[in-house]
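**Student:** Sequence:
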Amino acid sequence: MIILGIDPGLATIGWGVISSDGSKHRAVAYGSVITEAGLTTEKRLSQIYSDLGEIIRTYRPDAVAVEELFFNTNITTGIRVAEARGVILLSAFNHGVKVYEYTPLQAKQSVVGYGRAEKRQVIAMVTRLLNLEKPPKPDDTADALAIAICHAHSGASKIAAYYNN
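Letter by letter, the sequence shown follows residues 11 to 175 of the working numbering.
Rather than coming from a laboratory, the hints here were simulated on the basis of the structure.
Keep in mind that this is a model prediction, so the values were computed, not measured.
All C-beta atoms in this analysis are idealised placements derived from N, C-alpha and C, irrespective of residue type, glycine included.
Take these hints with a grain of salt, some might be off.
Pairs of lysine to any residue residues, derived as SDA-like cross-links and limited to a Cα-Cα distance of at most 20 Å, are as follows [to be verified]: (1) K108 x G63; (2) K34 x V122; (3) K34 x L142; (4) K147 x E128; (5) K129 x K108; (6) K53 x G96.
Derived Cβ-Cβ restraints for the label pairs, each shown as a range [as the list claims (entries may be wrong)]: (7) I44 x G88: 15 to 25 Å; (8) N141 x F103: 28 to 38 Å; (9) A21 x G63: 28 to 38 Å; (10) N141 x E52: 16 to 26 Å; (11) P145 x G106: 25 to 35 Å; (12) A92 x S60: 18 to 28 Å.
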């Protein structure tokens, strides 16, 4: 199974493509989509849609796993990220790929074994689980790979397949 994991954002969108049989995972490609701060929101959203579409066309994932939003104190930033997340969901849908959503707590639990794990622990485990030579950068990319691994562990299970049909 090929899984595209995405950590949504407006300025930086982490993405990671993994190949998984449910227990063994391999990184296929990963990186981030960066939008310029000086661009209008509409242009940034358009870039996210286009860049993500290119990633989907290139790697042809069987599933897209997206991190659910966690709102902090800055509601304006949260709204902008929610707009970007909507574009991400639309791009996956328009490219015919089923979307699965996971909370940060679920991703941390799946990768580290503890839902309240620290960022450095997640990065270390993603690096180890995917047998990477060095930790993925930026942190958003590591989070995207963690979301993809989370889906490989839970979304690919027979129980999840039963509920998704």
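**Student:** So which of the earlier hints does this model not fit?
**Tutor:** As far as the earlier hints go, 5, 9, 10 are violated by this structure, in ascending order.
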